[in-house]
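Undergrad: Going down the list, the protein sequences come from chains A and B.
Mapping to this note's numbering: the first sequence position 163 is 163, numbers consecutive.
Mapping to this note's numbering: the second sequence position 325 is 325, numbers consecutive.
Calculated directly from the structure, the hints in this document are not laboratory data.
Don't be surprised by glycine CBs; every beta carbon is placed ideally from N, CA and C.
Any given hint could be a false lead.
[What the hints assert, rightly or not] Computed far set for chain B versus chain A, every beta-carbon distance over 12 Å:
no., residue
1, 142
2, 149
3, 180
4, 183
5, 186
6, 194
7, 230
8, 302
[Unchecked claim] Which bits of chain B does chain A cover? Going by a derived footprint, with three or more residues having C-beta under 8 Å, they are:
no., stretch
9, 16-25
10, 102-113
11, 280-287
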Amino acid sequence: MIYNPFPMRVISKREEAPGVRTLKIEFIKQEDHEFFKAHYKTGMFGLYGIYGEGESTFCVASPETRTDYIECTFRQSGRVTTTLANVDAGDIVTFRGPYGNRFPIEEFEGKNLLFIAGGIALPPTRSVIWSCLDQREKYGKVTIVYGARTVADLVYKHELEEWKQRDDVDLVLTVDPGGETPDWQDHVGFVPSVLEKVAPSPDNTIAVLCGPPIMIKFTLTALEKLGFTAENVYTTLENRMKCGVGKCGRCNVGSTYICKEGPVFTAAEVQQMPQHDL
Amino acid sequence: MTRILLNSRLDECLGAWRSAGFSVFAPVKRAELTRFDEVQKAAEMSLDIVMPERTIKDHFFLQTEPLIKYTITKQQIDTEEMVPPERKRVFFGVRPCDASGLDIDDPLFGWDYKDDYWFKRRDNSVIVTIACAKADDFCMCTSVGLAPDTAKGSDLMLHPLKDGRGWLVVPHTDRGKALLEPVAGMLQEEAAETAPVPSIPAKFDLERVTAWLASPESFESPLWREVSQRCIGCGSCTFLCPTCHCFDIQDEGDTYSGIRRKNWDSCSFAMFTMHTSGHNPRNTQSTRWRQRIMHKFNYYRGKFGVNSCSGCGRCTRQCPVDMGITETLQEISNLPK
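Construct all of the structure, not just a fragment, from the sequences and the given hints.
TA: In structure tokens, the structure reads:
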């Protein structure tokens, strides 16, 4: 029934940054996998769990173009994430989902894409990035602006390297002042100011912006200065969730249920929400 | 001619329903608290009261509902999904506001993803309401567009007779009609006069309240702080409410075995929306009180076209600091235009 999760087997675990791990998990039952393949679209989320500890909500970090497995990336911080952080390949975890809405990437076709992410918010962005890069011919110029507090805090380092090598992707990396290492070759500065410096064109461009609330706020101002309209900026929200399906009553911002109407919204939609409920 | 059920034949009816496979639940007073419990005889029932302290919601949306039993061994996890027992139930002597509460919650549990823990119980239950013959100062069904004899959520409604001999019997659904079949011989045809329904004056102007809540100035209004100063966040109003449906999901047990449960939760609690990071969107009692009122009289009606309140008044009647929804809605209703 409704709250019964899919059993999943852990394929591998990867250390991304201090306290941040990625689990790659696969469906144990064929019919569960078929369900996922039929329903998953980039931007959707799931409840990842482990019996005896509970469930936590994160995005599906893997793209809709690669559905043989699910990847999730999380910071070890509470009871569930601490237990998930300590699983090994072969262990059983659970997944409930995919829930929520999606980034409408087919509406982005023919357009330039600007991805902006801060810290641990690269995972939801990365799902969209790969969903588009796996169908590269459908999109125009792709720019990725990613920042973290320190060099160590950058996640998916091997993929950052891969994007850096590609000539069909512009990768802009930055770390907060003081977070650089002696051999750091990229930007130093906060994402909004680096974005203004790089100044990507708003023409025929969709921006996908994910990050902590404070970064979102200042980055939106920077995007407006660059000429982006709030209707062309997409983001994803998160809140504490228990059911994921619009019943448990806690993830709403004003009248909007993040789990059902979200988690993907345009900046214009977010601006319409009561800001003090975020 | 109408059908009536005499008090003196109620025991026979209960017997007939039990023989037909139903368990009968009715308000029962134990240790100063009236709640719905299984009964064998009419004498156990406590029908002559304004309002049982606990709602019938308790029997549809359980305070703690076992979802999944799990056992973990070395490389294997065995799970067993727990489903509600298939059991035909009659709820006798339900207040119309409590029956309305079930009706109000149906769309929430049914939209998109169906919650069968609710619907399996709903589908196996027959709701027999008794129209109210008395009310107290806290009753406010008339203020939320309902009435002491509202048929919403009732399969069968009993209207008390003026002479106190019994009730006029009015089925409202097929399920209610079917429930009359095993007891047909115990009813009698008679033109009888029913007791007057109590007059409950409106306590606030619902249209003004909902219009204000939907207006842009309401969310940041200083009113929320003022009306919620006394709130201690105990959650009583939530747990006694016939429509409150918020829940938590928790694993209870040890590392190797236990039960995943769906437990009542409340928007009044600070932990309700707290992120692991420490960020809390509703981090004060006033923002949580605003959520409670907004959810009931703005968000819910926006989504399902009905207020999430049936006017039973329990939240005010039993509030330990004498606060409650009524006072807030009166304050809103009295705001200068």
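Undergrad: If a hint holds in the structure, say so; if it doesn't, say that too.
TA: Now for the hints, and whether the structure bears them out:
no., hint, in the structure
1, 142, "holds, 26 Å"
2, 149, "holds, 30 Å"
3, 180, "holds, 33 Å"
4, 183, "holds, 34 Å"
5, 186, "holds, 39 Å"
6, 194, "holds, 39 Å"
7, 230, "holds, 22 Å"
8, 302, "violated, 5 Å"
9, 16-25, "violated (count 0)"
10, 102-113, "holds (count 5)"
11, 280-287, "holds (count 3)"
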